[in-house]
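Visitor: Protein chains in written order, with the working numbering: chain B, 25 to 334; chain H, 25 to 334.
Because the hints were derived from the structure by calculation, they are not lab data.
Hints are not guaranteed to be accurate.
Part of the chain B face toward chain H, derived, beta carbon under 10 angstroms [stated by the list, open to error]: (1) C103; (2) E161; (3) I166; (4) Y167; (5) G219; (6) L232.
We put the CB at the ideal spot given by N, CA and C, even for glycine.
Below, each chain spelled out in residue letters.
Number of protein chains: 2
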Amino acid sequence: MAGAVGLKECRKIRGSQIRTLLDAKDFFLFDCDGVIWHGETAIAGAPSVVNALIRRGKTVFFVTNNCTRPRENYLSKFCRLGFTDVMQEQIFSSSYCSALYLRDVAKVQGKVFVLGCEGMRKELREADVPFVDEVDEPDATIYDCALLPDVKAVLVGHDDKLTFLKLAKASCYLRDQDCLFLATDNDPWHPLSDGRILPGSGCLTAALEVATGRKATVIGKPSRFMFECISSQFRGVDPAQCLMVGDRLETDMLFGSNCGLDTMLTLTGVSQMEDAQEYRKSEHSTQHSFVPDYVVDTIADFLPAFEGLD
Amino acid sequence: MAGAVGLKECRKIRGSQIRTLLDAKDFFLFDCDGVIWHGETAIAGAPSVVNALIRRGKTVFFVTNNCTRPRENYLSKFCRLGFTDVMQEQIFSSSYCSALYLRDVAKVQGKVFVLGCEGMRKELREADVPFVDEVDEPDATIYDCALLPDVKAVLVGHDDKLTFLKLAKASCYLRDQDCLFLATDNDPWHPLSDGRILPGSGCLTAALEVATGRKATVIGKPSRFMFECISSQFRGVDPAQCLMVGDRLETDMLFGSNCGLDTMLTLTGVSQMEDAQEYRKSEHSTQHSFVPDYVVDTIADFLPAFEGLD
């Protein structure tokens with residue numbers, strides 16, 4: 025267990041080393057964007073790797089901070105991109121887990137005010153969590169709009185329909201310290217094409233944290249909650265038998281460390297080898313939790329490990 | 025100079041103590057909301073105090089982080105609420121000072137992208153600072169919208185027309201490290217009636233800081249820049265001869281401390297005596313800069329000091 029014995033190795037592995045690792049683990053947790061696909065394109069070889077793991081009896085989970093899609097929507101994406109052996113119960117998105125948290129952990133007695141997208145509302149609806157489903161009049165302001173008395177939680181995620189009024193309403197609801205403050209994830213930004221970026225849920229959470237002087241409870245990685253969701257739905261998920269594979273040191277690798285999992289960085293996404301080595305050399309020991317145990321160029325590097333085994 | 029000799033006294037003063045202080049100072053800097061007015065209502069006695077100071081030859085300045093009004097608009101508000109002796113050149117708002125900064129300090133060679141309100145654009149226009157004056161198509165997204173090549177600064181303030189697309193565009197512009205990142209102020213929130221709050225510029229700044237991993241240059245209090253604007257426009261403003269009067273410890277008192285001014289908290293606004301005493305007792309010496317030298321219930325407490333002097 026590299027996680028328990030100090031500095032992780034950040035070791036580039038290949039060939040037989042990968043085969044040994046795959047043999048040793050029963051559970052594989054994959055982040056999605058930057059790991060198995062880029063937007064609407066599967067990373068070359070990734071579908072074969074995932075399907076092969078599943079067919080070999082490994083249990084595969086997908087843990088994504090992307091809160092924009094409901095799970096059934098993810099399922100069709102998996103299928104469309106060639107991940108044909110994946111089933112809905114293997115997918116743990118920050119929206120789905122947020123809905124579970126609101127229903128089963130917080131047991132919110134009232135409505136949820138959502139700064140988020142349709143995918144988040146869909147997951148709340150599926151989980152029977154009541155939420156505010158109103159559209160503001162175009163000329164309404166925080167000075168004169170209605171505020172509902174039964175809002176008991178604010179859930180923040182990706183909201184491409186964000187307005188100032190929504191931000192202001194959320195701030196007002198959160199003045200009540202009994203109103204739960206939940207964020208699907210804390211991702212700061214996401215890469216788009218042409219060097220553009222998409223502000224992440226972490227931006228809106230930060231805005232509300234400043235307005236209210238409160239800290240949000242974060243559901244997505246690096247928080248442990250998604251792993252708790254997995255453990256409660258699948259028996260026998262032993263952290264020592266898990267490998268967490270991701271592309272972002274500050275979320276995926278830290279999530280793995282927080283949950284006591286071995287971690288693997290794949291270089292097809294946001295973080296690069298130099299970033300990992302920088303954290304490894306850091307004098308701040310908290311940053312050591314961002315360091316992976318293993319590094320691969322791409323998860324397609326798993327493929328040779330399956331050869332000759334069929 | 026209380027500011028220079030360690031812990032400030034946070035002393036409630038009245039009567040002859042106030043008269044001695046008013047005699048000793050030549051320059052009075054007032055915050056506006058919570059100090060001389062609440063929204064559209066002058067604080068009782070405040071117009072008499074301000075007019076009396078001016079008539080007695082004191083120089084009075086108004087330093088406000090409220091970026092929503094252009095100065096000429098402030099002037100009519102001063103007049104409407106009875107502050108009839110105030111002139112436009114005494115008013116230093118964070119919008120006005122931001123325009124000066126962009127023109128005279130940063131000397132921006134390009135356009136400014138504004139997350140802000142009409143008052144901010146008006147001040148930029150007055151100062152001949154070019155800015156992006158476009159309205160987004162209702163269905164434009166960050167995936168397909170145009171980004172202008174000549175944006176060289178992003179200015180963030182109060183934006184009640186904020187949309188997700190504006191936030192995303194600002195984030196993209198700021199990916200260029202040569203693009204200046206400026207905030208009118210860092211106020212976290214503002215009190216409204218009925219216990220409601222208005223998210224402040226500090227919220228939007230925090231959102232962009234998270235999206236870009238950069239820190240904004242802040243123009244408003246507690247930054248020293250507004251005092252530099254005053255000093256450059258009025259000769260002989262000696263910090264030792266100044267009293268800064270405000271209602272918010274984290275902005276107004278810290279601004280005074282940062283500029284080497286004596287400070288006075290008035291209890292008609294956000295911060296209360298207990299807050300000040302809490303900071304005074306703090307083990308974190310940085311918080312001692314939030315502590316005022318003097319405290320009054322209201323600036324109407326100045327009135328007796330003028331009696332018998334006419």
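Visitor: For every hint, state whether the structure bears it out.
Guide: Hints, one by one, checked against the model:
Residue-level restraint check for C103/B is violated (minimum Cβ-Cβ distance to chain H is 24 angstroms; threshold 10 angstroms). About 14 angstroms separates the beta-carbon of E161/B from the nearest beta-carbon of chain H, more than 10 angstroms, and the hint is not met. Taking 10 angstroms as the C-beta cut-off, the interface hint given for I166/B holds, the closest approach to chain H being about 6 angstroms. Interface hint at Y167/B: satisfied, since its Cβ lies 7 angstroms from the closest Cβ of chain H, which is below the 10 angstroms cut-off.
At its closest, the beta carbon of G219/B sits 6 angstroms from a beta carbon of chain H; the interface hint therefore holds under the 10 angstroms criterion. Contact between L232/B and chain H, as hinted, is supported at the beta carbon level, the nearest pair being about 7 angstroms apart and thus within 10 angstroms.
When each numbered hint is compared with the structure, violations occur for hints 1 and 2.
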